[in-house]
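Sequences listed follow chains V and A, in order.
Residues in the first sequence are numbered consecutively from 74, following the working numbering.
Residues in the second sequence are numbered consecutively from 188, following the working numbering.
FYI, nobody ran anything at the bench for these hints, they're computed from the structure.
Heads up, the beta-carbon is just placed ideally off N, CA and C, and yes, glycines get one too.
Please note that a few of the clues may not be correct.
Stretch-level coverage of chain V by chain A, calculated; a stretch enters the list once three of its residues show a Cβ under 8 Å from a Cβ in chain A [said to hold, decoys possible]: (1) 220 to 233; (2) 313 to 319.
Below, in silico cross-link-like pairs of lysine-lysine (DSS-like), each with a Cα-Cα straight-line distance of 25 Å or less [stated by the list, open to error]: (3) Lys290/A with Lys345/A; (4) Lys120/V with Lys293/A; (5) Lys317/V with Lys328/V; (6) Lys159/V with Lys183/V; (7) Lys120/V with Lys198/V; (8) Lys220/V with Lys198/V; (9) Lys179/V with Lys311/V; (10) Lys290/A with Lys324/A; (11) Lys293/A with Lys118/V; (12) Lys197/A with Lys317/V; (13) Lys293/A with Lys250/A; (14) Lys223/V with Lys117/V; (15) Lys295/V with Lys118/V; (16) Lys324/A with Lys325/V; (17) Lys117/V with Lys346/A.
Partial list, computed: chain A residues near chain V (C-beta under 10 Å) [stated by the list, open to error]: (18) Ile193; (19) Gln196; (20) Lys197; (21) Thr225; (22) Val252; (23) Leu260; (24) Phe271; (25) Ile274; (26) Ala286; (27) Leu287; (28) Ile289; (29) Ile319; (30) Asn341; (31) Ile344; (32) Ile347.
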Amino acid sequence: MAQKSSRSNLKLFHRGAFSLSSFYLLFIVSLIIMGVDFRHQFLKKIKSEISILTSPVAYLINLPTNIFNNSKIIFATQTSLTEKIKTLEQTNYSLSIQIQENELIKSENKILRNTLKIRRDFRIKGVIAEIILPTVKNGYSIITINKGLKHNIKDGSAVINNTGLVGQITNTFANFSEVRPITAEAYAVPAIMSNGRENVILYGNGNGELEIPLFPASSSIKINDTFMTSGVDDLYPKGLNIGKVTEINRTKSPKFNFIVITPFSQPATFSQITIVNKKND
Amino acid sequence: MIKKTITEQKRERVSLIILFLLALVLSNLGIPGMADSTIMPNYFIALIITLILNRLGNLNLYKLVIFGLIIDLFVGQLLGQYGFIFICISLGDYIIKKALFIKNEKQVITLISLLTLISFIALCGSSLSHGIFISPKIIFLQTILTFILCLILNFFIKKIF
Numbered sequence: 074m075a076q077k078s079s080r081s082n083l084k085l086f087h088r089g090a091f092s093l094s095s096f097y098l099l100f101i102v103s104l105i106i107m108g109v110d111f112r113h114q115f116l117k118k119i120k121s122e123i124s125i126l127t128s129p130v131a132y133l134i135n136l137p138t139n140i141f142n143n144s145k146i147i148f149a150t151q152t153s154l155t156e157k158i159k160t161l162e163q164t165n166y167s168l169s170i171q172i173q174e175n176e177l178i179k180s181e182n183k184i185l186r187n188t189l190k191i192r193r194d195f196r197i198k199g200v201i202a203e204i205i206l207p208t209v210k211n212g213y214s215i216i217t218i219n220k221g222l223k224h225n226i227k228d229g230s231a232v233i234n235n236t237g238l239v240g241q242i243t244n245t246f247a248n249f250s251e252v253r254p255i256t257a258e259a260y261a262v263p264a265i266m267s268n269g270r271e272n273v274i275l276y277g278n279g280n281g282e283l284e285i286p287l288f289p290a291s292s293s294i295k296i297n298d299t300f301m302t303s304g305v306d307d308l309y310p311k312g313l314n315i316g317k318v319t320e321i322n323r324t325k326s327p328k329f330n331f332i333v334i335t336p337f338s339q340p341a342t343f344s345q346i347t348i349v350n351k352k353n354d
Numbered sequence: 188m189i190k191k192t193i194t195e196q197k198r199e200r201v202s203l204i205i206l207f208l209l210a211l212v213l214s215n216l217g218i219p220g221m222a223d224s225t226i227m228p229n230y231f232i233a234l235i236i237t238l239i240l241n242r243l244g245n246l247n248l249y250k251l252v253i254f255g256l257i258i259d260l261f262v263g264q265l266l267g268q269y270g271f272i273f274i275c276i277s278l279g280d281y282i283i284k285k286a287l288f289i290k291n292e293k294q295v296i297t298l299i300s301l302l303t304l305i306s307f308i309a310l311c312g313s314s315l316s317h318g319i320f321i322s323p324k325i326i327f328l329q330t331i332l333t334f335i336l337c338l339i340l341n342f343f344i345k346k347i348f
C-alpha cells in the first residue's frame with residue numbers, strides 16, 4: 074500500500090537538501106530584499122562601492138569589440154580618408170559662415186532679452202566625456218561614459234552632444250557613469266515643436282525611437298517637423314535638438330494621432346558627449 | 188540515488204564558473220548582426236533552467252539565491268530579483284516533476300518551455316511591481332530566444348556530462 078508523505082517531509086530537491094520551509098523563507102527574504110532595494114536604492118550604492126571590482130571586468134568584456142572597432146579605424150584606406158577630409162573642409166566652410174550669422178543672431182537675441190527683461194542664461198556649462206561601453210546591459214539600454222563622481226558628475230544630469238539630446242545620468246560611480254538614452258523605455262522629456270507651438274512630452278519606446286501616444290489631431294504636424302527641449306522641467310537646457318517626426322499614425326480615437334520621432338543622436342553614432350551641469354550647481 | 192565522485196563534482200563546479208562568466212560576457216554584448224541590441228536571450232535564466240533540469244553544480248535554494256544576488260550586482264536592475272526568479276524556476280520544476288513523470292525528449296522540451304514561461308512571468312511581475320518598465324515586444328522576443336538557448340544548452344550539457 075502506498076504511504077502518504079506528511080507535509081513536513083516534503084523535499085524541494087531529490088537530494089533532500091531542503092524542506093518546503095526553506096523555500097518559504099527564501100521566497101519571503103527575496104521579496105523583502107526587492108522591496109527594501111526599491112525604497113532605498115541599495116543596489117545603486119553597492120554597485121557604486123564595488124565599481125573598482127566590476128569596471129575591470131566590464132573593460133575586459135568589451136575589449137574584443139573595442140579592438141575590432143579601433144582596427145577598423147586604423148585600416149581605413151587613404152581614399153576614404155581623403156574623402157573625409159574633403160567633406161570636413163566643406164562642413165567647416167559652411168559652419169564658419171553659419172557662425173557669422175549666429176553671432177549676429179546672438180547679439181540681437183541679447184538686446185531683445187534685455188529689452189524684455191528676461192534673465193536666462195543659455196550658455197551650457199558641462200563636462201566633456203567619452204562613451205566607453207556599449208549600449209546594452211542584459212537587454213537594457215545603458216551607455217557607460219568615462220567620467221564619474223571624481224569629475225563632479227551627478228545623478229539626473231542631462232547628457233548632450235553636437236547633434237542634440239542624448240539622455241540622462243542614472244548611476245554615478247567613482248570613475249564612470251551610466252547614461253539612460255532618450256530612446257530607453259519609460260524615458261520622458263518635455264519638448265516643444267521647432268515652430269514653438271506645441272508643448273508635449275516625448276516618451277522613449279525602447280526601439281531607438283521616441284513617441285507621443287496622444288497628439289491632438291487638430292494641431293498641425295507633418296513629417297520632418299522637429300522637436301526640441303522646452304526647458305520647462307529646469308533639467309534640460311531649452312532649445313536642444315531631440316528629433317524629427319517620421320511617422321504620424323491614427324489612433325482609435327479620431328481626436329488624437331500617434332506620433333513617432335526619430336532622435337537626431339543615435340547611441341551608436343557618437344562617442345563624444347557633454348554632461349550638462351544642473352542649474353543649482 | 189547515484190552519488191557523484193569528487194572529480195565529477197569538481198568538473199561540474201569549474202563548468203558552472205565558466206558558463207557563468209560566458210553568460211556575463213554575452214549579456215553585455217548584443218547579438219551580432221541584430222539591429223536592436225536590446226533583443227537578446229536572458230543568458231542567466233537559460234543557464235539556471237538548464238542546470239536545474241540536469242541537476243548540475245549541486246545547486247540548492249540557498250545557492251540559487253546567492254547566485255541571483257551576484258547576478259544582480261553585475262547586470263541587475265533590482266536587488267533580489269534574480270534570486271526570486273530562480274526560486275520560482277525551482278518551485279516550478281519541483282511541482283511539475285511531482286505531478287508528471289518526465290521521460291522522453293518531447294516532455295523535456297515542454298518542461299523547458301514551461302520553466303522559461305514561469306521565469307519570465309516572475310521577471311515581468313517583479314519588474315512591473317517595482318517600477319521597472321519592460322517593453323512587451325522585447326520581453327516576448329527574449330522569452331523565445333531564451334527558450335531556444337535553453338534547448339541548445341541542454342543539448343550540449345547532456346553531451347558533455
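Here is what the structure says about each hint:
1. Only residues whose C-beta sits within less than 8 Å of a C-beta in chain A count toward coverage, and the region 220 to 233 of chain V has 0 of them, not enough to reach three; the restraint is violated.
2. Coverage of the region 313 to 319 of chain V by chain A is violated in this model, with 0 residues showing a Cβ closer than 8 Å to a Cβ of that chain against a need of three.
3. Taken as a hint, the Lys290/A and Lys345/A pair is honoured in the structure, with Cα atoms around 14 Å apart against an allowance of 25 Å.
4. Our distance criterion of 25 Å between C-alpha atoms is broken by Lys120/V and Lys293/A, whose separation comes to about 42 Å.
5. This hinted pair checks out: Lys317/V and Lys328/V have alpha carbons roughly 22 Å apart, not beyond 25 Å.
6. In summary, the hint linking Lys159/V to Lys183/V is not supported, as the alpha carbons are separated by about 36 Å, beyond the 25 Å threshold.
7. Between Lys120/V and Lys198/V the CA atoms are separated by roughly 28 Å; this puts the pair beyond 25 Å, and the hint is violated.
8. For the proposed pair Lys220/V and Lys198/V, the alpha carbon gap of about 15 Å is at most 25 Å, so the pair holds.
9. For the hint linking Lys179/V to Lys311/V, the alpha-carbon distance of about 15 Å falls within 25 Å, and the restraint holds.
10. A distance of roughly 34 Å separates the Cα atoms of Lys290/A and Lys324/A; the hinted pair therefore is violated under the 25 Å criterion.
11. Proximity of Lys293/A to Lys118/V is assessed by CA-CA distance (about 45 Å); at most 25 Å being required, the pair is judged violated.
12. With a C-alpha separation of about 57 Å, the suggested pair Lys197/A and Lys317/V falls outside the 25 Å cut-off, and the hint is violated.
13. Distance restraint check for Lys293/A and Lys250/A: the Cα-Cα separation of roughly 29 Å exceeds the 25 Å cut-off, and the hinted pair is therefore not satisfied.
14. Taking the CA atoms of Lys223/V and Lys117/V, the gap is about 17 Å. The hint holds against a cut of 25 Å.
15. As the CA atoms of Lys295/V and Lys118/V are separated by approximately 45 Å, the hinted pair breaks the 25 Å bound.
16. A C-alpha spacing of about 20 Å is found between Lys324/A and Lys325/V, which places the hinted pair at or below 25 Å, so the restraint holds.
17. Between the alpha carbons of Lys117/V and Lys346/A the distance comes to roughly 40 Å, so the proposed pair goes past 25 Å and is violated.
18. With a least beta-carbon distance of about 16 Å to chain V, the hint placing Ile193/A at the interface is violated under the 10 Å criterion.
19. This hint is violated: Gln196/A has a C-beta 12 Å from the nearest C-beta of chain V, more than the 10 Å allowed.
20. A hinted interface residue such as Lys197/A counts as satisfied when its beta carbon comes closer than 10 Å to some beta carbon of chain V; here the least separation is about 18 Å, so the hint is violated.
21. This hint holds: Thr225/A has a C-beta 5 Å from the nearest C-beta of chain V, less than the 10 Å allowed.
22. Hint status for Val252/A: holds, given a least beta-carbon distance of 5 Å to chain V, under 10 Å.
23. Given the 10 Å rule on beta carbons, the hint for Leu260/A holds: about 6 Å separates it from the nearest Cβ of chain V.
24. Using the Cβ-Cβ criterion of 10 Å, the hint placing Phe271/A at the interface with chain V is satisfied: the shortest such distance is roughly 4 Å.
25. Taking 10 Å as the C-beta contact cut-off toward chain V, the hint placing Ile274/A at the interface holds, the least distance being around 6 Å.
26. A least Cβ separation of about 13 Å between Ala286/A and chain V goes past the 10 Å threshold, and the interface hint is therefore violated.
27. Taking 10 Å as the C-beta contact cut-off toward chain V, the hint placing Leu287/A at the interface is violated, the least distance being around 15 Å.
28. About 12 Å separates the beta-carbon of Ile289/A from the nearest beta-carbon of chain V, more than 10 Å, and the hint is not met.
29. A cut of 10 Å between beta carbons decides the hint on Ile319/A: the least distance to chain V is about 9 Å, and the hint holds.
30. The restraint placing Asn341/A at the interface with chain V is violated, with a minimum CB-CB distance near 18 Å, outside the 10 Å limit.
31. Annotation: interface hint on Ile344/A violated; nearest CB of chain V at approximately 18 Å, more than 10 Å.
32. Contact between Ile347/A and chain V, as hinted, is not supported at the beta carbon level, the nearest pair being about 21 Å apart and thus beyond 10 Å.
Comparing the model with each earlier hint shows violations of hints 1, 2, 4, 6, 7, 10, 11, 12, 13, 15, 17, 18, 19, 20, 26, 27, 28, 30, 31, 32; every other hint is respected.
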